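Asks: Sequence:
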Amino acid sequence: MTIHDLAEYEILDEHRVEDVQSDGFILRHKKSGARIAILSNNDDNKVFYIGFRTPPEDETGVPHIIEHTTLCGSKKFPVKDPFIELAKGSLNTFLNAMTYPDKTVYPVASCNDQDFKNLMDVYLDAVFNPNITKYEEIFKQEGWHYELTGKDDELKINGVVYNEMKGAYSSPDEVLSSQIYRSLFPDNTYSKDSGGNPEYIPKLTYEAYLDFYHKYYHPSNSYIYLYGDMDVVERLEWLDKEYLSLYDYKKVNSEINKQPAFDEIKNVEAQYSITMDDSQENKTYLSYNRVVGDSLDEMLYQAFDVLDYALVSSPGAPVKQALIDAGIGDDVYGSYDAGILQPVFSFVAKNANASQADEFESIIENTLKEVVKTGINKEALLAGINSSEFKFREADFGQFPKGLLFGLNCLDSWLFDDMKPFIHLECLGTFAKLRKAVDTDYFEKLIQEYLLDNTHGSSVTVKPKRGLGNEREEVLAKELSDYKASLSDEEIKKLIEDTEHLKKYQEEPSSDEDLRKLPMLTRADMKKNAMPFSNIEDELLDVKVVRHDIESNGIDYISFLFDAGDFAQSELGYLGFFTNALGLVSTEKYSYTDLANATNIYTGGISTGTASHPDIKDRNNFVFKLEVKLKVLEKNLDKALELMEQMLLSSDFTDTKRLGELVAQIKARLQANLSSSGHLVAAMRSMSSFSRYALYQDELKGVAFYRSICRIEKELSESPKSVSDKLAAIAKKLFARNRMLISFTGNNEAYGNAKPSLEKVIAGFDKMSVIGNQAEVHFNTAKEAFIDASQIQYVAKTGDFICEGYEYTGALRLLRIILSYDYLWINVRVKGGAYGCMNTFLRSGESYFVSYRDPNLSDTLDVYDRIPEYIKSFSPDERDMTKYIIGTFSALDTPMNPEAKGSRSLSAYLEGITYEQIQKERNEILNAQPEDIRRLADLVEAVLKKDSICVIGNENMIKESAGLFENVEKLI
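In terms of my numbering, the sequence shown is residues 1 to 972.
It is worth saying that the hints were derived from the structure and are not from the lab. Some clues are possibly wrong.
What the hints assert, rightly or not - With a Cα cut of at most 25 Å, we get these calculated BS3-like pairs of lysine-lysine:
no.: 1; residue 1: K117; residue 2: K517
no.: 2; residue 1: K701; residue 2: K544
no.: 3; residue 1: K657; residue 2: K701
What the hints assert, rightly or not - FRET-style restraints, in silico, Cβ to Cβ:
no.: 4; residue 1: K635; residue 2: D615; range: 32 to 40 Å
no.: 5; residue 1: M419; residue 2: A672; range: 34 to 42 Å
no.: 6; residue 1: K732; residue 2: G752; range: 50 to 58 Å
Keep in mind it's a predicted model, so treat the numbers as computed, not measured. In this text, a Cβ means the ideal position worked out from N, Cα and C, and glycines have one as well.
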């Protein structure tokens, strides 16, 4: 039987989607009207999603809350949290749900056929038959609820989405983004934040929430996507029989209407919060925004991505450079959102002054006029096109299945035209057209039409305001106090009872009968053998090469690593700056603009970073290297190596103006990253009180690095030559053959072809550089807190089990899954209201527990301290134990692209990890019994006894718990 034989479906179109090596089908389910798009191919990492067009009408976050709550039990699978049960007990390669401005999507992926079918079933029942209509408690837990524990206690608001969005709105970047869309689309759905504004989330009623669900969650409003190597006919027959045939077509009014263009540009001002003692100077965000056509225009869709690179994102791009030269902003960047009906292109200057708003706009427009008059740099256009095409062809999306990203890409057009899900995947022809257009005035005309002559735009200024977060907290506290005062004794009693009832609901586990309704695999379904390493040693001109014999589809993945273990702790900040500056300063043969363009024309990218690896065999031996990575088509290898050689051996650090621009940019981006990734920053900072690995992470990426960048900025203004000299000295010290190690990922033939080119570039390096002993380090304070202007916390507690005499075992991987999806999930997220919670046990002994966007502080630390007690009483039945094992294998066996396989092998080589070790750990996981987990209670107790904590977050919360800390300071 073929798709053509399925009477339940109408085939609207079928054709080969050659650019993604797939057979494409566009179907309509006759009875329900459901839309289906299929990409059938030989990729065993299968993907399914069902999405719904969900345009919000207000800022209560109802689409977001429904996304959270549909996955809290359903008719066929009535367990309280099937999402977590699947995370524990499936071999998924992706499992999540996402709320966008105009749609909500529920994707899953798996390489296991039966697991894939199970995931589809659970997700489809979740969206069509959720328990949200039966249990208001689900809405309260995930959305919002009043919390009152006693009649004399303070009335509070809690809820997972509520706390998530409090964290989001603590970010000035999030405030800017929401204000841009409000300004450009006042009359359609894009002016409303689908995620929810915490000021308005508590206005959402249970009834309005259910009304929204019933309106939009119907097959007639659905978008169903299937990708990969599967029996498509069987899946479609099952989909019809189990779900779609149960529904008749229903007219759902979910269309997104276009915003009529404006007659004139709009000017909007908004505010974001900084702490009371922060300076307001140079803290304003300025933006210049234009609506660009619509997302169904294939050429525009790609062309403005190219213009983003050529005009503002690339080093030395004309708009960026003009603004930087005028002293407007520390970080200037572009933004192009083509995932909505009317795409938006923006120029943004971060850390400017509000008084510069007019000059900001004038410089942008004068620069664009000059570009139109004299023509865009053709090399920059080609670089932008080639970079986009390389990324598309490589289809390397890291941990995410490429079929998922292809499917989400489909929705950029499919949501607005039922017949056009694949137009942005069939883009190689578009790239060819754009390449030809470089020699015409096509791009200049786009600038004139959509940026200069276009009145559908806005200028949005977001200013800092001291204590705004505290003001809002005080207003909310008064509102809640006044509301409580207006209640009768009976109503207060009811609130207390509701609070207690919700806690009991959250604490009560799903019944065994309900849990057994969830489909799951068995231990026998797990792969017995670990993925092998591929590390073959070679030597070229006395330089060791570790090659990884992996098929890489004609792309060479090469890393040059240089031993930096003898750099003093005081030098690490400079090394971090040096690493960030490589490739962004001029060289002997290239200006930094030309270098960036050539890199993107001839390669898939040249990146720099540092690699920290503990030696598993010798705890005192720490491997620390500067790493330069490049990816390149074999035919362009010589050019790629020439560019890399220029970066490493002839970078010009005497241009202190350029160094100042880079320092300001790094500082601005760190300010955003330290808050948005506060959980990782807090975990590493906490472990830096005892771990060399974590200390280096902090010195090169975290709080210590931010402090170093501030010092370097000051030194540049006072003694610029000293900064230049230090950077040049780092290059001289590092880039020598006796410090060099090369990693090559590709097949044997590719390596053989590359050897002469590698030898040629090696010969250009000095033979020797004096290598000193491993540097001494001074660890940080064990108990720290860092205050920012956010309304939530990131709470970390860490320790080291190896230094306490314990050994690493595969059971620790299993414990990580158990804690993440059971104990921590229930206590920190479900009951505590935090958006997330994580834990890790490294082979080298470092371990951490950390929360994400957490309304609590000391309560979360108490939860961590009770972990050993939980482990000691851990007694699952065989089914639950198997579930945890399957979830562990899911994380362990994530499919890898060639570059990731090479990196995995190299890490094992540097850390001294053998295949026998990982196979032993795998066996320990596969054969684990509850007593193996219970035996880890003492190990975890030893970790927690270290009592090393770090909290990043709200000023008032940290001050209330000041007695916990030895050091409290501002984050930035």
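Asks: Which numbered hints turn out to be false for this structure?
Replies: 2 and 6
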